[in-house]
Amino acid sequence: DAMVIQNPRYQVTQFGKPVTLSCSQTLNHNVMYWYQQKSSQAPKLLFHYYDKDFNNEADTPDNFQSRRPNTSFCFLDIRSPGLGDAAMYLCATSSVGVGEKLFFGSGTQLSVL
Amino acid sequence: DQQVKQNSPSLSVQEGRISILNCDYTNSMFDYFLWYKKYPAEGPTFLISISSIKDKNEDGRFTVFLNKSAKHLSLHIVPSQPGDSAVYFCASPSGSRLTFGEGTQLTVNP
Chain D
1 DAMVIQNPRY QVTQFGKPVT LSCSQTLNHN VMYWYQQKSS QAPKLLFHYY
51 DKDFNNEADT PDNFQSRRPN TSFCFLDIRS PGLGDAAMYL CATSSVGVGE
101 KLFFGSGTQL SVL
Chain Y
1 DQQVKQNSPS LSVQEGRISI LNCDYTNSMF DYFLWYKKYP AEGPTFLISI
51 SSIKDKNEDG RFTVFLNKSA KHLSLHIVPS QPGDSAVYFC ASPSGSRLTF
101 GEGTQLTVNP
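Residue numbers (the working numbering), protein chains in the order written: chain D, 1 to 113; chain Y, 1 to 110.
To be clear, the hints were calculated from the coordinates, so they are not data collected in a lab.
Treat the hints with care, as some may be off.
[Claimed, not checked] Footprint (simulated), chain D over chain Y, 3 or more residues, beta carbon under 8 Å:
| id | region |
| --- | --- |
| 1 | 2 to 13 |
| 2 | 16 to 25 |
| 3 | 38 to 48 |
From a predicted model like this one, the values you see are computed outputs, not experimental measurements.
Beta carbons: idealized from backbone N, C-alpha and C, even for Gly.
Extracted from the complex, chain D is given alone in its bound form (with noise of 0.2 Å):
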């Protein structure tokens, strides 16, 4: 049943080393985002794929990329993580256009050792 499927749900790694994050979904939603969420802050959002155009936010850090191999999947990878760099980040999809109603996953916590 679940629509926007992130894995995994608590990720560990340590200072430096990559990590990835993955999201797929079942809903074939053209948009696909990722959002970072610290505690007790907005949601912000780091980049979007319109279909495959990929759409970058002006403030988010060189050490973040993203790939979407295709409609389903849609990976964040975080080159070297930082400390400031926990938190939870959140996949979600829409398909109305950009800035709709959005559907989101459960989420990855992420923590740096």
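Go by the hints and put chain Y onto chain D.
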């Protein structure tokens, strides 16, 4: 520059009473607003929305009010239930992004 603000980080109400969650925005171009609900260790789920052509939208126990002149919206939950305890985010689309407020933790006490 936080364009969507939720100034109350937390709210506690008794079961059966009304919960009122508030949200302010600064961008007068915002014309559509959404409320999301988030339980711990889960992603946000869509709750209710309102277009700027309306000043009220109701869905069961949930009603959202929009005051465009004050750039303010509020979510009313009545009657509140313990299962409503969650973080509530207001959000508005702007260009290619959905801008969220910081969220309000609602606790409904039995």
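These are the hints, each one checked on the structure:
1. Counting residues of the region 2 to 13 of chain Y whose CB lies closer than 8 Å to any CB of chain D gives 3, so the stated coverage by that chain holds, three being the minimum.
2. Only residues whose C-beta sits within less than 8 Å of a C-beta in chain D count toward coverage, and the region 16 to 25 of chain Y has 0 of them, not enough to reach three; the restraint is violated.
3. Counting residues of the region 38 to 48 of chain Y whose CB falls under 8 Å from any CB of chain D gives 6; the rule of at least 3 is met.
Figure legend: structure checked against the earlier numbered hints; the only hint not met is number 2.
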